[in-house]
Amino acid sequence: MDQLLAAKEIVVSCGSGGVGKTTMAAAAATMGAVHHGGRVLVVTVDPARRLADALGLSGLGNKETRVPPEAFADAGLTPRGELWAAMLDTRQSWDALVRRHAPDLRTAEQILGNPLYQNLASRFVHSHGYIAMERLYEIHSEGTYDLIVVDTPPSRNALDFLDAPERMAEFFSSRLLRWLTVPYRSRLATMASRPFYQVADRVLGSQFLQDVAEFFLLFQTMHDGFVARAEAVTRLLRDKRTTFLVVSTLEEAPMREAEAFVDALSDRGFHLGAVVLNKVLPAYLRAPAPAGAARRLASGAEELGRRVSRDGEDPAQVARVLGEVAESFLNFALVACREAEQEAELAVRPQVVATVPFFDTDIYDLAGLAKLGERMWR
Amino acid sequence: MVALLERRLLFVTGKGGVGKTTVAAALALLAAERGRRTLLCEADPKADLAAFLETGPLSFAEREVAPGLWAMAVDTEASLREYLHLNLRIPLVGRIGPLAKAFDFVATAAPGVREILTVGKLCYEVREARWDLVVVDASATGHIVAQLGAPQAINRLLQVGLVRQQTGWMLDILSNPACTGLCIVSTPEEMPVTETLELAARVAGQTSVELAAVVVNRVLPELFGRGEEEVFEGLDSSERVAALGEAVGGDVGPVLSAARLAVTMRRTSAGHLQRLRAGIPPGVPMLYVPYLFSRSHGLRSTRQVAAALSAELGY
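Protein sequences appear in the order of chains A and B.
Under the numbering used here, the letters of the first sequence match residues 1 to 378, in that order.
Under the numbering used here, the letters of the second sequence match residues 1001 to 1315, in that order.
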């Protein structure tokens, strides 16, 4: 892991929702700044309030802000470099993209003011994924940072963002787009599209279809810029300097997604840096000896309660506590065994697997992130 | 407030990973067991409802998967096909392929077009009254407002046309609290609680659907009763650990550590639970499902969740 953070310029943290990939991205960036120095940036998508506070993010959109050195001092850390943080504001990033690629200011304003665009920007399939990667490209090409760690947005399909740049290029080159943007009158004359428009007119109303056509016509002016850009983004993701962290917990569904991720990365020729297994229960829960002790504790609780209770303690209550403690151990042991099985089934080279233990409190400050980062390293 | 399973249409949502699909399947199983003719719809392309019922892949045509319980998967293209067939009576079967593709394209940019097909199909099932209850494994928290608010979005966007004319009866169904309700699934963790509270506010502000219940999944058990925690603390001395170890013939240190971990986990989650309880409008029932220390996720755990929900609903 240390080697990874020292050698790569871009680390993309991915995984299904709720596994802690945002926290992991922040921890990796913190460690990058602490260990290796230079300027390190973490781009998060939707951090928990307290994590955002810890990184000094006040929710002011795309602006990059430096985590104050005092915050590191307060956490007892002396970083060799600087840690910067930014949040991904999808809307703002889209607007910037349109302004960059529109042929002139007037077209840009027309697109930005179109109600369909406003929907597109917030909900276009892959839009979150695409815009995150696009933003990453933008920041990287400015050359301000030595290491950029980027969190990926939640999406219906966790793999969306990998294909997003290509899909975006396809979208702009597609026949359907050309078809929709043929002037309305001549469109009715085109044999191929007639059935579609006849039905669509009845169902959606022709005014709406005109709106759609007008919008796509405007949008098409950005075609060349968009396609070139999307290709550049794909190249960057495939670059040797870019690596991916796949984060998962050892639960069934996130593990399934993590495996799909690992496959998808290798199919596309992306670099898998590490699989980080998060919130792993302590190893003693899987050991046979404590389990045996717990079982004997459970079955002999009543007798043991009498034997170890002190003056002033109710032996029956002590027995109940011992019984509860033993049962609780056995319950968690079952979960730990199930998780160990999941881990064993993970089909990747063991060298790339890092496990992070379950922390009994939530992580919400730099000290916590550093602790998490250190554990990731071992 | 109308009892949860007495409604006709129940949307189940939640942040990814909290157990939304398990709860949807469990509610449907429970309703069917209680004699309600129930349809369970998968409307989240990411979900794998079939796995939670241990049945084969679901399709647009419903299939009986348990006594009194039918299941189906809503898909946009099939919905469009059915819609066009019912409303325009055009024999489009052969030509729908490219048409659906083009439609998909338009629907990508237009708010609510895709969602209205899903919601339309669900409302249609309610209107046709073939079921006592329709349970929907709906989109996750990020997309549910778009799904539930589709009729309003369509009304804003379309001035004329067949679709616009039909949003009226859908809204009647969705905004009738005796008929339709939303159930948000959460867990006692930071982000799921935050998302649940944000969603509850957005649903109230942007849709006409009533919040019918919040299901809190994976609630850790309270380990100790009154006075027992002190007893537990008292056990943690080297002399007593040694005595216990000798008695059971093994080190009990890890066993006590595990209990301490369980107590801290419970305490952390109790804080999140409190925040959730404080932020949910009074009167909205909260149903607690205990953490299942089980082997796997399948029909067995779906049934366990159903049993827990049954107890919470007072059945």
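Calculated from the structure, these hints are not laboratory results.
The beta carbon of each residue, even a glycine, is placed where N, CA and C say it ideally should be.
Check before you lean on any hint, since a few could be wrong.
Where chain B lies over chain A, by a calculated footprint (3+ residues, C-beta under 8 Å) [what the hints assert, rightly or not]: (1) 30-44; (2) 133-146; (3) 204-215; (4) 242-256; (5) 277-288; (6) 304-311.
So, going through the hints one by one against the coordinates:
Counting residues of the region 30-44 of chain A whose beta-carbon sits less than 8 Å from any beta-carbon of chain B gives 0, not enough to reach three: the coverage restraint is violated. A count of 0 residues in the region 133-146 of chain A with a Cβ less than 8 Å from any Cβ of chain B is obtained; the coverage claim is therefore unmet, three being the minimum. Under the rule that three or more residues need a Cβ within less than 8 Å of chain B, the assignment of the region 204-215 of chain A holds, with 7 such residues. For the region 242-256 of chain A, the proposed coverage by chain B is satisfied: 4 residues have a C-beta within less than 8 Å of a C-beta in that chain, meeting the threshold of three.
For the region 277-288 of chain A, the stated coverage by chain B holds: 4 residues have a C-beta nearer than 8 Å to a C-beta of that chain, and at least 3 were required. A stretch counts as covered by a chain when three or more of its residues have a beta carbon under 8 Å from one of that chain; for the region 304-311 of chain A and chain B the count is 4, and the coverage holds.
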